Amino acid sequence: MWDHVLLGFTVAFKPINLLYCFFGCFYGTFVGVLPGFGPTAAIALLLPLTFGMAPESAIIMLAGIYYGAMYGGSTTSILVNIPGEAASVTTTFDGYQMAKQGRAGSALSIAAIGSFIAGSLAVFGLFIVAPLLANFALQFGPPEFFSLMVLGLTIVVYISFGSVLKAVAMGSLGIALGCVGWDYVSGNTRITFGIEYLYDGIPVVPILMGLFGISEVLLNLEKTQKLEIFKEVKRIWPSLRDLRESILPILRGSGIGFLLGLVPGGGTVVSTFASYTIEKKISRHPERFGKGAIEGVAGPESANNAAAQAGFVPLLTLGIPVSPAFALVFAALLVHGIHPGPLLLAKTPSVFWGVVISMYVGNMILLILNLPLIRMWVKVLAIPYGLLFPLILIFCLVGALSDNKVGDVFVMIIFGIFGYLMKKFDYEPAPMVIAFILSPILELNLRQSLILSGGSFSIFFTKPISLGCLIAVGLLVLLSTLPKFKVMRPKLGVEA
Amino acid sequence: MKLRKDQISSVFLLVVAGVILISSVKASLGSFGTPGSGFVPFLAAFLLGFFSLLGLVLSSLKKTKEKEKTLFPSHEMNWKNLIMTLGALFAFPLLLKLLGFNLTVFGFMLFLAKVTEPRRWVIAVLFALGTTIACYLLFVYWLKFVVEKGVFGI
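Residue numbers (my numbering), protein chains in the order written: chain A, 1 to 496; chain Y, 1001 to 1154.
Derived by calculation from the structure, the hints in this document are not laboratory data.
Fair warning: there could be bad hints in the mix.
To be verified - Not everything, but these chain A residues come out facing chain Y in the computed CB check (under 10 Å):
id : residue
1  : V164
2  : G174
3  : L218
4  : E222
5  : L391
6  : C396
7  : N404
8  : I413
9  : A435
Said to hold, decoys possible - Below, computed lysine-lysine pairings styled on DSS-like, alpha-carbon distance capped at 27 Å:
id : chain 1 : residue 1 : chain 2 : residue 2
10 : Y       : K1080     : A       : K424
11 : A       : K100      : A       : K291
12 : A       : K14       : A       : K347
13 : Y       : K1080     : A       : K423
14 : Y       : K1144     : A       : K405
15 : Y       : K1005     : A       : K423
16 : Y       : K1149     : A       : K405
17 : A       : K424      : Y       : K1062
18 : Y       : K1144     : A       : K14
19 : A       : K100      : A       : K280
20 : Y       : K1114     : A       : K379
21 : Y       : K1080     : Y       : K1114
22 : Y       : K1097     : Y       : K1149
23 : A       : K100      : A       : K281
24 : Y       : K1063     : A       : K423
25 : A       : K291      : A       : K280
26 : Y       : K1062     : Y       : K1005
27 : Y       : K1097     : Y       : K1144
28 : Y       : K1062     : A       : K423
29 : A       : K424      : Y       : K1063
30 : A       : K379      : A       : K234
31 : Y       : K1063     : Y       : K1005
32 : A       : K281      : A       : K291
33 : Y       : K1005     : A       : K424
34 : A       : K234      : A       : K100
35 : A       : K379      : A       : K100
36 : Y       : K1097     : Y       : K1114
37 : Y       : K1097     : A       : K405
38 : A       : K291      : A       : K379
39 : Y       : K1005     : Y       : K1080
40 : A       : K234      : A       : K291
Quantities reported herein were computed from a predicted structural model and do not represent experimental measurements.
Just so it is clear, CB atoms sit at the ideal spot from N, CA and C, and this is done for glycine as well.
Put together the whole structure using the sequences plus the hints.
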């Protein structure tokens, strides 16, 4: 293992990878700071740029964007009372109150320090958990993989905002869309309606850029909002008392974030709500929460960073993206000819270990970017959206042209409008995107299992791992019908 | 009778499910022992159709006392910006072959910078020019994207 760690250091400390890591963190923080522009859209926007890079450099940069956005999201929550991205919603509860009391600096610094500690602990967790899980997953055959993916999709559906029916419908649509084009088993085409462009399937990148980039812009464009920003950030460093009150919430948040980050659909958003609820529950003064309790900032901010990094475990070891942002990283790996799964560690250790070590480097970069440079990020909030949105759109349009196919641009625009309407009609894109990405693997494993069993579905119930996954699916379906859990569900949500 | 938004979306998804179902059957379903090309899309479309139908029935049976939130509230909506932006988005790929990459990017940026917010011409032109140069350097020069030159050869 130490050879691999050394390999990771060699990869992560290559000057070009350090540069990509810095760029990813910088751009991620920038995106996190901007309200109404999430990390998924940010990754989608830069995905075409990664096609010419080495695979490890591409993933190092994309990972940097993702956890960088988690750092940056807190700034907007604390100073504007608008979450920079979904995982910073809970930070608005106490962070903004702290800013109103003149403690914006303390809130921002605790968020950054908490994120750094959580990120570093999560890297350590990745070290331990990922190889174990990859070894365990080597026992998986087609039935186990199929059941595991069904479990992943069920969790994503269960955790989604709003109606379960709508989430299941979106998941089913995602699977169907993923089947468009050539069937590589029989050599036939399906659902192409004779359109030659669709023979290779619906391209992933334009769909994601449309759903997360274009639709986001259309939603923001329909109304004009004025932001009230606290520009006065006096003392950046936290006091000793702040640190004392925050250290345990940071450690608890890191643990909660890491564990929930491993679960498909758990991700950054759920972990912040879980951390906030736990901190409030165990606090001796729960009445302070919502009125500027530093624990309410420290816990969730640590949790979202730990979760952002833990999500790489199921992605790289099982090939299961836990959220749309990870689905994009998954797509990037596929573009580079790397298939995420249990064999990734053995076949391309440089990618796995390089990315893991780069995360630690990225956390250090982010601490520097977010503490001394905090005043610069406050200024970013003043960029008018009228200048920002044409830039986002042109990046999407030109990015979609990376294969020089005008059809890709139309696909992106159509899915942009579709994504906009989905949000208008209260449908979440996350189940559709994750199902779309997983669809080819899900189909392959289902068909292989049925061929192996001669058409009997009992194969999924006779293998212990597969049975375990399906029992968990059954329990989740049962839980979603219980009134108590029905009430809980809308508070959660998969980040988009 | 005014349809609720859940009813509209359910009907739309039902139609989509129907189209996929027919297409899957045409592609051959095979058998459980040897599933064909249309097997998985058929299952997915069946689920989509079933849950959309369920959604349609439930939303039709639901008696709501509260007035449903309007999809496009007229007092909040900035229709001009939305329509102009959508128009520009569709125009971009259509004009690309004719005008070429650089002119299309310039025109797109100038249009959005000028139309969506009141802005001085000088600022809008400089913004569009700066973005066009940046796009050329990033995508064409550095990332070697193959782009259209258009009738002007630019």
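Hint check:
Given hint, A:V164 at the interface with chain Y, holds; its Cβ is 9 Å from that chain's nearest Cβ, closer than 10 Å. Using the Cβ-Cβ criterion of 10 Å, the hint placing A:G174 at the interface with chain Y is satisfied: the shortest such distance is roughly 8 Å. Look at A:L218: its Cβ gets to within about 6 Å of chain Y, closer than 10 Å, so that hint holds up. Hint status for A:E222 relative to chain Y: holds, with the closest Cβ pair at about 5 Å, below 10 Å.
Taking 10 Å as the C-beta contact cut-off toward chain Y, the hint placing A:L391 at the interface holds, the least distance being around 7 Å. Restraint check, A:C396 versus chain Y: the minimum CB separation of about 9 Å is within 10 Å; hint holds. For the restraint placing A:N404 at the interface with chain Y, the shortest Cβ-Cβ distance is roughly 5 Å, inside the 10 Å limit, so the hint holds. Taking 10 Å as the C-beta contact cut-off toward chain Y, the hint placing A:I413 at the interface holds, the least distance being around 5 Å.
Given hint, A:A435 at the interface with chain Y, holds; its Cβ is 8 Å from that chain's nearest Cβ, closer than 10 Å. Among the hinted pairs, Y:K1080 with A:K424 is consistent with the structure: their alpha-carbon atoms are about 18 Å apart, no more than 27 Å. About 10 Å separates the Cα atoms of A:K100 and A:K291, which keeps this hinted pair within 27 Å; it holds. Of the supplied pair hints, the one linking A:K14 and A:K347 holds, its CA atoms being roughly 20 Å apart against a limit of 27 Å.
Restraint check: the Cα-Cα separation between Y:K1080 and A:K423 comes to about 20 Å, which is no more than 27 Å; the hinted pair holds. Taking the CA atoms of Y:K1144 and A:K405, the gap is about 15 Å. The hint holds against a cut of 27 Å. Proximity of Y:K1005 to A:K423 is assessed by CA-CA distance (about 12 Å); at most 27 Å being required, the pair is judged to hold. Under the criterion of a C-alpha separation no larger than 27 Å, the hint pairing Y:K1149 with A:K405 is consistent with the structure, at around 15 Å.
Among the hinted pairs, A:K424 with Y:K1062 is consistent with the structure: their alpha-carbon atoms are about 20 Å apart, no more than 27 Å. With a C-alpha separation of about 24 Å, the suggested pairing of Y:K1144 with A:K14 holds against the 27 Å cut-off. At most 27 Å may separate the alpha-carbon atoms for a hinted pair to count; A:K100 and A:K280 meet this at roughly 21 Å. Taking the CA atoms of Y:K1114 and A:K379, the gap is about 24 Å. The hint holds against a cut of 27 Å.
Our distance criterion of 27 Å between C-alpha atoms is met by Y:K1080 and Y:K1114, whose separation comes to about 13 Å. Our distance criterion of 27 Å between C-alpha atoms is met by Y:K1097 and Y:K1149, whose separation comes to about 7 Å. Among the hinted pairs, A:K100 with A:K281 is consistent with the structure: their alpha-carbon atoms are about 24 Å apart, no more than 27 Å. Taking the CA atoms of Y:K1063 and A:K423, the gap is about 23 Å. The hint holds against a cut of 27 Å.
With a C-alpha separation of about 12 Å, the suggested pair A:K291 and A:K280 falls inside the 27 Å cut-off, and the hint holds. With a C-alpha separation of about 12 Å, the suggested pairing of Y:K1062 with Y:K1005 holds against the 27 Å cut-off. Restraint check for Y:K1097 and Y:K1144: satisfied, since their Cα atoms lie roughly 18 Å apart, inside the 27 Å limit. With a C-alpha separation of about 21 Å, the suggested pairing of Y:K1062 with A:K423 holds against the 27 Å cut-off.
With a CA separation close to 21 Å, the supplied pair A:K424 and Y:K1063 stays within the 27 Å bound. At roughly 15 Å between alpha-carbon atoms, A:K379 and A:K234 fall within 27 Å of each other, so this suggested pair holds. Simply put, Y:K1063 and Y:K1005 have alpha-carbon atoms about 14 Å apart, close enough for the 27 Å limit, and the pair holds. A C-alpha spacing of about 15 Å is found between A:K281 and A:K291, which places the hinted pair at or below 27 Å, so the restraint holds.
The suggested pairing of Y:K1005 with A:K424 holds, with an alpha-carbon distance near 9 Å, which does not exceed 27 Å. Proposed proximity of A:K234 and A:K100 is supported: the alpha carbons are some 12 Å apart, at most 27 Å. Restraint check for A:K379 and A:K100: satisfied, since their Cα atoms lie roughly 18 Å apart, inside the 27 Å limit. For the suggested pair Y:K1097 and Y:K1114, the alpha carbons sit about 24 Å apart, so the restraint of at most 27 Å is met.
With a CA separation close to 11 Å, the supplied pair Y:K1097 and A:K405 stays within the 27 Å bound. Between the alpha carbons of A:K291 and A:K379 the distance comes to roughly 26 Å, so the proposed pair stays at or under 27 Å and holds. Pair hint Y:K1005 plus Y:K1080 holds up; C-alpha atoms about 23 Å apart against a cutoff of 27 Å. Between A:K234 and A:K291 the alpha-carbon distance is near 20 Å, which keeps this suggested pair within the 27 Å criterion.
In summary, this structure violates none of the numbered hints.
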